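Colleague: Listed below, chain by chain, are the residues.
There are 4 protein chains.
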Amino acid sequence: MQPVSFRSIASRYKAIFFDAYGVLKNYKGLVPGVKETFAFLRENDIRFYILTNDASRSPEALAEYYFRAGLPEITADKIVSSGMLALDFLRSKVNHGTVAYLGPKRSAHYVETEGLKTIPIGDLNLEHAASVNALVLLDDEGFDWERDLNKTINLLRLRNMPVIVANTDTTYPVNRDSVAIAIGGIGELLERIVRKTFIRFGKPDAQIFHFAYDHIQQDGPMKKEDILMVGDTLETDIWGGNKFGVDTALVLTGNTRREKAEIWIEASGIIPNYICESVAD
Amino acid sequence: MQPVSFRSIASRYKAIFFDAYGVLKNYKGLVPGVKETFAFLRENDIRFYILTNDASRSPEALAEYYFRAGLPEITADKIVSSGMLALDFLRSKVNHGTVAYLGPKRSAHYVETEGLKTIPIGDLNLEHAASVNALVLLDDEGFDWERDLNKTINLLRLRNMPVIVANTDTTYPVNRDSVAIAIGGIGELLERIVRKTFIRFGKPDAQIFHFAYDHIQQDGPMKKEDILMVGDTLETDIWGGNKFGVDTALVLTGNTRREKAEIWIEASGIIPNYICESVAD
Amino acid sequence: MQPVSFRSIASRYKAIFFDAYGVLKNYKGLVPGVKETFAFLRENDIRFYILTNDASRSPEALAEYYFRAGLPEITADKIVSSGMLALDFLRSKVNHGTVAYLGPKRSAHYVETEGLKTIPIGDLNLEHAASVNALVLLDDEGFDWERDLNKTINLLRLRNMPVIVANTDTTYPVNRDSVAIAIGGIGELLERIVRKTFIRFGKPDAQIFHFAYDHIQQDGPMKKEDILMVGDTLETDIWGGNKFGVDTALVLTGNTRREKAEIWIEASGIIPNYICESVAD
Amino acid sequence: MQPVSFRSIASRYKAIFFDAYGVLKNYKGLVPGVKETFAFLRENDIRFYILTNDASRSPEALAEYYFRAGLPEITADKIVSSGMLALDFLRSKVNHGTVAYLGPKRSAHYVETEGLKTIPIGDLNLEHAASVNALVLLDDEGFDWERDLNKTINLLRLRNMPVIVANTDTTYPVNRDSVAIAIGGIGELLERIVRKTFIRFGKPDAQIFHFAYDHIQQDGPMKKEDILMVGDTLETDIWGGNKFGVDTALVLTGNTRREKAEIWIEASGIIPNYICESVAD
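Protein chains in written order, with numbering that gives the first Met the number 0: chain B, 0 to 280; chain Y, 0 to 280; chain R, 0 to 280; chain D, 0 to 280.
It should be emphasised that the hints constitute simulated quantities derived from the structure, not laboratory data. Please read all numbers here as calculations on a predicted model, not as lab measurements. The reader is advised that the hints may include incorrect statements.
What the hints assert, rightly or not - Here are the in silico distance ranges between beta carbons for each label pair:
1) B/Asn174 / Y/Asp280: 40 to 48 Å
2) B/Glu258 / D/Arg158: 17 to 25 Å
3) D/Gly69 / B/Asp122: 36 to 44 Å
Glycine included, every Cβ here is placed at the ideal spot set by N, Cα and C.
Next up, chain B with everything else stripped away, as it sits in the complex:
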């Protein structure tokens, strides 16, 4: 499959769904040329939406990054994150009592806006386990892995409760050469050890696509065949988009390097409609 120019294919669609990390930005900042791409979308009257597996901060905080980086088009109402969906779930299904969490305080603050009390696992006294109504895995940072992961499995042995994984990613890139274990990977470890079924939010699951799809209808009706999902990861962005029923484009600015793209597509059976060097291409 030969890479094609992103703009040449984008113009065939009425809306684009973008993954964030590895597509619009990376560890060095905005991907070069992204601003021109958004100008192109505006000129051609192509709508867009950002679908990101991220529960470390609120859409407002995510939008602020783009504003400062010179991309004011990406406002909070153009972003759906896996963390937002996890929050919706907690609001509708748990709605009272205490939610224990793994992650930094800034992400907990974001849950607390809903009136639910939150407590980091590190501060929880297991003798009060009966007061905990849910556990949410928000981020891989902000806690002591050894102490708090062990505490978590003992909490889940003491009390049966819903466990929400607010980001399905297993790793994320920290620079050109290194990755780190994401909270989704930690969730798989815990799920395997306690043998319970956790509730995951984020691509490739259909929910995040439905959220974006419903939103984009607000500016006029839009069919699935008019939408293109653009991402750097086969297992989340491309598989999720394929399954949701929209066309998909794999970009080579993130998790999938050019020399691996064909091999991984062949090996996984996850086939994008297009491959592009970059969204700036």
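Chain B is already provided as a structure; the job is to place chains Y, R and D on it using the hints.
Modeller: Same frame as chain B, now just chains Y, R and D:
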């Protein structure tokens, strides 16, 4: 968790999502008292929708069963099946060429209405593998397992294509004492052997819930908190409903027997809001 | 990793363990040059042993193949098969009552030599399930997959018993272009559906290596560092040999083609000491 | 299955294989009555051997515990640990260069006795990744989980090397109410993230049973049918013993509580020959 009367809880909701097999009907026919329950729903102005993991026949054929059984309220437009979603996918993402399938001819006929050509794996000549654009697993019946499953793995070695599993169930009950391997179980075997990622449709995935949710809005807006999902299987009906964000009730007329219910809930971590003996209760 | 001549490395060892299919023979018969290799081993006083994942017939029947093919050195006492180990297990751990099986009658005959009664799943009346003390999966042929796999899961729901998988392979090559699902693959499907732990025999498990290792001591003591395991499959032959603690050589005459060898080694992390074109090289 | 007296069944065997933790000792010290049991074994001329999934210290250090606790019969030569097998592997298969490890320094010291250089992951400079010939997971303590697990996955991305997990356990009890994640659980997380095949040592694998079996022959020949494996864990002790072909007894002084024993046996399909309250019974 003590079983409660279904009608007593149903009256708190504005809409009910029902699983079909094990909830409304079983190997012996309609669950006794189901007709009275639907009269109760009508009297109380409670909307309903049927969500079924079934790709063996069309919604029209499914509805005909209820009509003949004396439940004319369940018309085709009140039913969403995993097979319908698989069909939507084929229409929007494959849309030309030949689709090979595992299942009986009556299920293929149902795919063919969309203009795609279909061919049973058993009739396919592997020298023409290049003409096949997708494979769909429809049902566990209507083919020679040994010959056609071996043929399928060789087809997938020859050509990279989307593989759609139109029903996620791994087994289904055939009478009081026996189960049979469903096409979802066969899909897992094939997926494991060819090491590709198949595309599955059906509960617990969010898509089938979204379809029902969107439909039910047509008779007036409805929030998730006003909807109850009723099913007999923790892993599909209850987990899917929980994750989608609606309340859930487990009934004991199908896969989950009373004496196992508590143990399985504890072991899986999948917790329904209610347990009811039957929807007729 | 550059392929090296098999003979040049074989001469550094005092004993060679060979996989059979894909190494000594394939769907066309003996691999060309194998006879000369065995003459070379004899001249250089290098002992050998055959380790094969096969439960379809007895070592005597396997040896007869080599005799007829002009390789009389490979006698029954030089062969250990996964089927032999399964038989040992049945003899020592079950030792009375009836053993139900999946596979052809010729493989059952081989179990029966131990005085245990056997019955093919197809002939079993499930009302007599209480008389069955074990189930053994022998081969992928000789039964009706649809009828007998469904019968098997119902047998295992009725009665808790040891299930023995007498061959861990998931597929096997039937000619240059095609593979077939092996009984090990069928075992994984059943294990997943009934959620029980089956007992598997064959490479990469240590038992088959221990059996060969113990036998080869009978002609004089032999250390692990003096033994080379030769196979065509990374996941069974090479991983098993590595883990058992002997050196390993991957040959390219079977499951692993030259163009895939490096990629699969990199992807799996299973690293042979050597790669050789063929044992005849 | 009714619990039976341990001594009444022990007297039918010529040798007993014991798991250590949960059988002979627990977080409070020796299980009460264990000394009398070992006196009983001596009087009845029953041999014994200890098979333990432990890589945190040497057999000598393990034996010293029993000596101090008043059980001098359990000398280092009566113990086989998963760590010893991992060490054997490193000696025979890696044998030069540097081995990186996760675990405390005291466990590394034990590897170093073989002349291999060792370095804790925490001290490793990833720019020197090329000098590392193997990675060994020894224990869950003695390192910074967040920093060092992330470093480990980046090491394994940089260089393809054998990874040895020196203890297959996923959790271990720390007191009556709590468990901790063992290095085997951490191994599964890493294996899943880097998608490589790690090499595991410990029950239920056959190797540790073979080691004990070979050793016990030194005081006179002994058949498998004369040996009883005693353990507190179905998935390791009982499954491993069953598969190796010796009889098995589950004791209720460790991981498996009386009220769960029948349910877990039914659910797993792992069936011991006997259940005993305790080895002191």
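Colleague: Quick check: which numbered hints come out false for this structure?
Modeller: Violated: hint 1 alone.
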